[in-house]
Amino acid sequence: MDVLNASDAKREFGEMLLKVQKTPVRINKNGKPVAVVLSIAEYEQLALLREAQLKLAIEEGIADIETGRITDGAAIFKRLRDQIS
165 MDVLNASDAK REFGEMLLKV QKTPVRINKN GKPVAVVLSI AEYEQLALLR EAQLKLAIEE
225 GIADIETGRI TDGAAIFKRL RDQIS
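Residues 165 to 249, numbered by our numbering, are exactly what the sequence shown covers, in order.
Among these hints, one or two may not hold up.
What the hints assert, rightly or not - Derived CB-CB ranges, DEER-like:
1. Gly237 to Asp172: 47 to 53 Å
2. Val200 to Gly178: 15 to 21 Å
3. Gly195 to Phe241: 41 to 47 Å
Derived from the structure by calculation, the hints contain no laboratory data.
Quick caveat, the model's predicted, so the values are computed rather than measured.
Here a beta-carbon is modelled for each residue, glycine too, at the ideal position from N, C-alpha and C.
My request is simple: use the sequences and hints to build the entire structure.
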């Protein structure tokens, strides 16, 4: 991953847009990472992956409910309170 400081990223914005078609670019400000710029194709892949993970989590939750693998919320909070007391 290429790295640019914020002022260079601002000055070289057009060049950076070309660069991100090949590899993401991390933007640092005051020596600390603050952003990553990536191609639209990579962004869309990440969005699809997040959507698939969310769908899987929802399906697992529904399966847990249907098979009775649930815990009462009040019971969980009681256990937590007991542990910290």
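Range hint 47 to 53 Å (beta carbons of Gly237 and Asp172) holds or violated: holds (50 Å)
task: Could you see if the CB distance from Gly195 to Phe241 stays within 41 to 47 Å?
output: holds (42 Å)
query: Does 15 to 21 Å hold as the CB distance between Val200 and Gly178, or does it fail?
result: holds (18 Å)
Checked against the numbered hints given earlier, the structure satisfies every one of them.
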